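Student: So the chains spell out like this:
4 protein chains.
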Amino acid sequence: MELRLINKDQNEPQKIIQVGNVKFGGEELVIIAGPCAVENRKQIFSSAEVVKIAGGHILRGGAFKPRTSPYSFQGLGEEGLELLKEAGEYHQLPVISEVMDTREVEVISQYVDIIQIGARNMQNYSLLREVGKTNKPVMLKRGMSATVEDWLLAAEYIAAEGNLDIILCERGIRTFETYTRNTMDIAVIPIVKNLTSLPIVVDPSHGTGRRELVAPLSKAAIAAGADGIMMEIHPNPCEALSDGPQSLEFEDFKELVREMKALNSFVKIN
Amino acid sequence: MELRLINKDQNEPQKIIQVGNVKFGGEELVIIAGPCAVENRKQIFSSAEVVKIAGGHILRGGAFKPRTSPYSFQGLGEEGLELLKEAGEYHQLPVISEVMDTREVEVISQYVDIIQIGARNMQNYSLLREVGKTNKPVMLKRGMSATVEDWLLAAEYIAAEGNLDIILCERGIRTFETYTRNTMDIAVIPIVKNLTSLPIVVDPSHGTGRRELVAPLSKAAIAAGADGIMMEIHPNPCEALSDGPQSLEFEDFKELVREMKALNSFVKIN
Amino acid sequence: MELRLINKDQNEPQKIIQVGNVKFGGEELVIIAGPCAVENRKQIFSSAEVVKIAGGHILRGGAFKPRTSPYSFQGLGEEGLELLKEAGEYHQLPVISEVMDTREVEVISQYVDIIQIGARNMQNYSLLREVGKTNKPVMLKRGMSATVEDWLLAAEYIAAEGNLDIILCERGIRTFETYTRNTMDIAVIPIVKNLTSLPIVVDPSHGTGRRELVAPLSKAAIAAGADGIMMEIHPNPCEALSDGPQSLEFEDFKELVREMKALNSFVKIN
Amino acid sequence: MELRLINKDQNEPQKIIQVGNVKFGGEELVIIAGPCAVENRKQIFSSAEVVKIAGGHILRGGAFKPRTSPYSFQGLGEEGLELLKEAGEYHQLPVISEVMDTREVEVISQYVDIIQIGARNMQNYSLLREVGKTNKPVMLKRGMSATVEDWLLAAEYIAAEGNLDIILCERGIRTFETYTRNTMDIAVIPIVKNLTSLPIVVDPSHGTGRRELVAPLSKAAIAAGADGIMMEIHPNPCEALSDGPQSLEFEDFKELVREMKALNSFVKIN
Chain A
1 MELRLINKDQ NEPQKIIQVG NVKFGGEELV IIAGPCAVEN RKQIFSSAEV
51 VKIAGGHILR GGAFKPRTSP YSFQGLGEEG LELLKEAGEY HQLPVISEVM
101 DTREVEVISQ YVDIIQIGAR NMQNYSLLRE VGKTNKPVML KRGMSATVED
151 WLLAAEYIAA EGNLDIILCE RGIRTFETYT RNTMDIAVIP IVKNLTSLPI
201 VVDPSHGTGR RELVAPLSKA AIAAGADGIM MEIHPNPCEA LSDGPQSLEF
251 EDFKELVREM KALNSFVKIN
Chain B
1 MELRLINKDQ NEPQKIIQVG NVKFGGEELV IIAGPCAVEN RKQIFSSAEV
51 VKIAGGHILR GGAFKPRTSP YSFQGLGEEG LELLKEAGEY HQLPVISEVM
101 DTREVEVISQ YVDIIQIGAR NMQNYSLLRE VGKTNKPVML KRGMSATVED
151 WLLAAEYIAA EGNLDIILCE RGIRTFETYT RNTMDIAVIP IVKNLTSLPI
201 VVDPSHGTGR RELVAPLSKA AIAAGADGIM MEIHPNPCEA LSDGPQSLEF
251 EDFKELVREM KALNSFVKIN
Chain C
1 MELRLINKDQ NEPQKIIQVG NVKFGGEELV IIAGPCAVEN RKQIFSSAEV
51 VKIAGGHILR GGAFKPRTSP YSFQGLGEEG LELLKEAGEY HQLPVISEVM
101 DTREVEVISQ YVDIIQIGAR NMQNYSLLRE VGKTNKPVML KRGMSATVED
151 WLLAAEYIAA EGNLDIILCE RGIRTFETYT RNTMDIAVIP IVKNLTSLPI
201 VVDPSHGTGR RELVAPLSKA AIAAGADGIM MEIHPNPCEA LSDGPQSLEF
251 EDFKELVREM KALNSFVKIN
Chain D
1 MELRLINKDQ NEPQKIIQVG NVKFGGEELV IIAGPCAVEN RKQIFSSAEV
51 VKIAGGHILR GGAFKPRTSP YSFQGLGEEG LELLKEAGEY HQLPVISEVM
101 DTREVEVISQ YVDIIQIGAR NMQNYSLLRE VGKTNKPVML KRGMSATVED
151 WLLAAEYIAA EGNLDIILCE RGIRTFETYT RNTMDIAVIP IVKNLTSLPI
201 VVDPSHGTGR RELVAPLSKA AIAAGADGIM MEIHPNPCEA LSDGPQSLEF
251 EDFKELVREM KALNSFVKIN
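Protein chains in written order, with this note's numbering: chain A, 1 to 270; chain B, 1 to 270; chain C, 1 to 270; chain D, 1 to 270.
One thing to keep in mind: the hints can contain errors.
The list makes no distinction among identical chains, and a pair is therefore deemed to hold if it is satisfied within one copy or across any two copies.
In silico SDA-like cross-links for lysine to any residue, where the CA-CA straight-line distance does not exceed 25 Å [said to hold, decoys possible]:
{"#": "1", "residue 1": "K268", "residue 2": "Y71"}
{"#": "2", "residue 1": "K52", "residue 2": "S109"}
{"#": "3", "residue 1": "K8", "residue 2": "P245"}
{"#": "4", "residue 1": "K23", "residue 2": "K42"}
{"#": "5", "residue 1": "K85", "residue 2": "D9"}
{"#": "6", "residue 1": "K268", "residue 2": "R258"}
{"#": "7", "residue 1": "K133", "residue 2": "V105"}
{"#": "8", "residue 1": "K261", "residue 2": "S72"}
{"#": "9", "residue 1": "K15", "residue 2": "L195"}
{"#": "10", "residue 1": "K254", "residue 2": "S265"}
In short, the hints are calculated from the structure, not lab data. If you're wondering where the values come from, they're calculated on a predicted model, not measured in any experiment.
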C-alpha cells in the first residue's frame with residue numbers, strides 16, 4: 001500500500017498529537033469516555049463529572065448519530081454539541097463528537113476539540129477531505145469491513161489536505177461471529193504502529209457490544225500497545241437511548257480506569 | 001426489521017420505476033452499461049454507441065470516483081458529467097452517475113437521470129436524506145458488509161424524505177474468499193422481492209472483479225429474478241484508468257446482451 | 001494454486017462421472033433429493049417415490065449426521081444406510097450418504113453409490129485419503145470458510161490416492177449476513193469450470209437455510225452452469241428431526257423439478 | 001447454547017488440568033512452544049532445549065501435519081512422535097502433538113501428554129468422540145469459521161464421552177482481512193471464562209501468521225485472561241519446512257517468555 005504522508009517517519013517514528021493537556025502517542029494512556037449520545041443536560045454533566053473524577057481525559061458524546069434505522073433516536077444535533085461543550089468546559093475536559101456531513105464540519109469544529117469520523121463514513125471521501133482542511137485533530141474509526149490498507153489510505157485522504165493530526169480508532173470488524181456485536185482486531189494495534197507514525201485508540205464498547213467484555217478487551221489493547229481507549233458510560237445504561245448494553249455503569253468505569261492506568265504504567269516500563 | 005415505506009405493499013407488490021422509456025420492475029430486463037469512469041469524449045461516446053446498438057437501456061459512467069487511494073485517478077468531475085449527459089442524449093440513453101457529497105446532489109441532479117449511491121456511502125445518512133429530497137430515482141448499492149437489514153433500512157432513509165423511487169443494487173460483499181474481488185450474494189434478489197416492492201439490479205462487474213465471471217453471474221441473477229444488470233464495458237479494458245480487469249470488451253458485451261435478453265424472456269414466461 | 005490431477009485437461013475438458021444411468025457433467029441436469037436424515041422406513045420410501053416420480057435422479061439421506069450439538073439427533077447409523085439402500089433399489093435410484101470416519105468408509109461403501117464428504121470434514125485429510133482409495137464416486141462439499149484454493153486442493157487429496165471421480169458441491173459459506181444460514185457463492189460454479197474438469201453440484205438447502213429461497217437459488221445455479229442440484233425434501237418438514245425449515249414439501253419439489261429441467265434445457269441450447 | 005458438562009460450575013468455576021507439573025487454569029501462565037513440524041532430531045532437541053532454558057513448560061511439534069496441499073511436506077509421522085517424546089523426556093517437558101485420524105488416537109496417546117485437535121478437525125465429531133474416550137488431556141483448537149457456540153459444543157462432544165480435561169485454544173478466525181493470516185478473536189478469552197470452567201490457551205503464531213505480531217498478541221491475550229500461550233519457534237525460521245514466517249527465532253522467544261511471565265504476574269496480582 002502506498003503511504004506517503006502517514007507512513008512511519010524515521011525522524012518522527014511516533015507522532016504526538018496534543019489536545020489541551022492531553023497527548024496522544026505519549027507515555028500516558030488517553031482515556032476517552034462518555035455516553036453514546038448526549039441525551040440531556042443532567043446526563044452529560046454527570047457523565048463528564050465521572051470522567052473527570054475517575055481520571056479520564058476526554059469527554060465523548062454523540063450529537064449527530066448515524067443510526068441504522070431512520071426511526072431510531074437521531075441525536076440532539078447542535079443542541080447536543082452545545083451541551084457537550086458546556087459539560088467539557090465545566091469539567092475541563094476536551095470533547096469529541098462525530099461529524100456526518102461535509103456541510104456540518106464547520107459548525108461542529110466550533111464545538112469540539114477532536115472531530116470523529118465514524119465507521120460508516122470511513123470511505124466517505126468528501127467528508128475526509130473536508131475534515132482534512134480543518135486544523136482540528138481527527139479521529140478516524142475503522143470501517144466495519146475495511147482492511148488495514150483501506151483504512152490507512154482513508155487516513156491519507158485527510159493528510160493529503162494538510163491535516164496530519166489523525167488518530168486512528170479500531171472498533172471491531174464484521175465477521176460470522178454473532179456472540180459479539182463485532183470482532184475486535186487487536187492485531188491492528190502493532191500493525192498500525194509498524195506502518196505509520198499515527199497514534200491508535202481502541203473502542204471496546206462498539207468492538208464487543210457487551211458491557212462485561214469492555215474491561216478485558218481494554219486491557220488486551222493496552223498490552224498490545226494502544227495509545228488510548230474510548231468507551232461508553234451512562235448514568236443508567238438500562239435507560240440509555242442508544243447502546244445501553246455496551247455502556248458501563250459509573251462505578252465500574254472508575255474501577256476500570258484505575259486498572260487500565262496501572263496496566264499501562266507496567267507495560268510502558270517493561 | 002421495521003420497514004414502513006418500502007415494504008411489500010399488498011396493493012402494489014412490485015413498484016415500477018420509469019426512467020424515460022425504461023421501466024425498472026417490469027417484464028423487460030434493464031441493462032445498464034458503460035465505463036467505470038468517464039475518461040474522455042471519445043471513450044464515453046463510443047461506449048454509449050455500443051450500449052445503444054447492443055440493445056442496452058441506460059448509460060453509466062463515473063465522474064466523481066470513490067477511490068481507495070487519494071493518489072488514484074479521481075474522475076473528471078463536472079466535466080465528466082457534461083460528457084456523460086451529451087453522450088446519453090446523442091444516443092437517446094438515460095444516464096446514471098454516482099454522487100458522493102451532499103453539496104453535489106443538486107448539480108449532479110441536473111446531469112443525470114438516476115443518482116447512484118455507492119457501496120462506501122450506503123450508510124452516509126446525510127447523503128441518503130439529501131437524495132431523498134430530490135425527485136430523481138436513486139440507485140442504492142449495498143455496502144460491502146451491509147446485512148440485508150442495514151441495506152433496506154438505508155433505503156428507508158431515502159424513502160422517509162419522500163422519494164420512493166429507489167432501485168436496489170447488489171454488488172457483492174466482503175468475505176474471506178480472495179479469488180474474486182467480492183462474493184456476490186444472489187440470495188438477496190428473492191429476499192428483496194419477498195420483503196419489499198422495490199426493483200433490484202445486480203452488478204457482476206464489481207461483484208466478481210473478473211471479466212470472465214460477468215456473463216455467468218449475470219445469468220444467475222436473471223434466473224433468480226433480478227430486474228436489471230449493470231456492468232462495466234470499455235473500448236480498451238487494458239488501458240482503462242480504473243476497473244480494467246472487470247470491464248467487458250464491446251463485442252463480448254453485445255453477445256452477452258443477446259443472451260441475457262433471451263434468458264430473461266424465458267424466465268419471465270416460465 | 002497447484003492442481004496436478006483435477007486441473008482442466010485439454011483432452012478431457014469436462015469429466016463425465018457416471019453413476020448407474022446418471023451422468024454428472026453431461027447435458028442433463030442431475031437432481032439429487034431426499035431428507036436431511038433417514039428417520040424411518042416410511043419417510044425414506046415416500047421420499048424416494050417422490051424423487052422418482054418427479055424425475056429426480058439420486059436419493060440422498062443422512063445416516064451418520066454431523067450435528068453441532070452432541071445432544072441432537074445423530075442419525076440412525078447403519079440401520080439408516082440399510083433403509084436408504086432399500087428405498088433406492090426399490091425405486092431404481094442410486095443413493096448418496098455422508099461418511100464421517102475413516103473406519104466407516106468400507107461399510108458405507110457397501111450401501112451407497114456416491115460417498116459424501118461434508119463441509120465440516122472438507123479438510124479432514126485422513127478421510128479424504130481413505131475415500132480416495134475406494135472406487136466409489138465422491139461428492140466433496142465445500143467447507144464453510146474454505147477458499148476455492150483450499151477446496152480444490154482438498155479434491156487433490158482424493159485424486160492423489162487414485163480416485164478421480166470427484167463431484168464438487170457448493171453449499172454456502174459463512175459471512176456476516178444472518179438472514180440466511182449461509183451465503184451461496186454462485187461464482188464458484190464458473191470458477192470451478194474454468195480451473196478443473198470436475199462436475200459441480202449446488203446445495204441451495206444448506207446454502208440458504210430457507211425453503212422459499214431454494215427455487216430461485218437453484219435456478220441461479222443452473223443459469224451459471226451447475227451440473228446438478230442437491231436439495232432436501234421431507235414428507236412433513238415441520239416434523240423433520242433436522243433441517244425442517246430448509247426442506248421442501250413434496251408438491252413444491254415436483255413443480256421445481258419441472259422448472260429446473262426446462263431452464264437447464266434452455267441454458268444448454270443457448 | 002446448551003452446555004451440560006463444560007459449563008461454568010458453581011463448585012468448580014475454574015477447572016485445573018494438570019499435565020506433569022504443569023497446571024492449566026492456575027495462577028501461572030503455561031507456555032507451549034516448539035516447531036510447527038518435527039523435522040529431524042537436531043531441530044526438535046535444540047527447540048526443546050530452548051523451551052526449557054527460557055522457562056517454557058510444554059514442547060509442541062507436529063508429526064501428522066494437516067497441509068492444505070497434498071504435495072506439501074506432511075510430517076514425519078510416527079518417527080516424528082518418537083523424536084518429540086525423546087526430546088521432551090530428555091528436557092523434562094511434557095509434549096503435545098496433533099491427531100488427525102480416529103485410527104491414530106491410540107498410537108499417538110502412547111507418545112504425547114496432550115492430544116491436539118486442529119482447527120480443520122474441530123467438527124470432526126468421530127475424532128472428538130475418540131479422544132473423549134482416552135484419559136489424555138485434549139487441546140481443542142477453534143475452527144477457522146467456528147462460532148463460540150460451535151466450538152463449545154464441539155468440546156461437549158469430547159466431554160460427553162467422559163473426558164473433561166479439555167483445553168480450548170483460540171488460533172484466529174477467517175475474515176476479509178488479508179494483512180494477517182487470520183484475525184485473532186481476543187474477546188473469546190473472557191467469553192470462554194464466563195461460560196465454561198475450561199482453561200483457554202491462545203496461539204498467536206497461527207492467529208497472525210506474522211512473526212512480528214506474536215509478542216504483542218501474546219501480551220494482549222495474557223491481559224485478557226488467557227491461561228496459556230502456544231507459539232512456534234524454529235532454530236532457523238527461513239529454512240523451516242512449514243510456517244517459517246510465523247516462527248520466532250530462539251533469542252526472541254527467550255526474551256518474550258521473560259516479558260510474558262512478568263506481565264502475567266502483574267495481571268494476576270492486580
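Student: If any of the earlier hints don't hold here, list their numbers in rising order.
Tutor: The structure conflicts with hints 1, 4, 5, 8, although it agrees with all the remaining ones.
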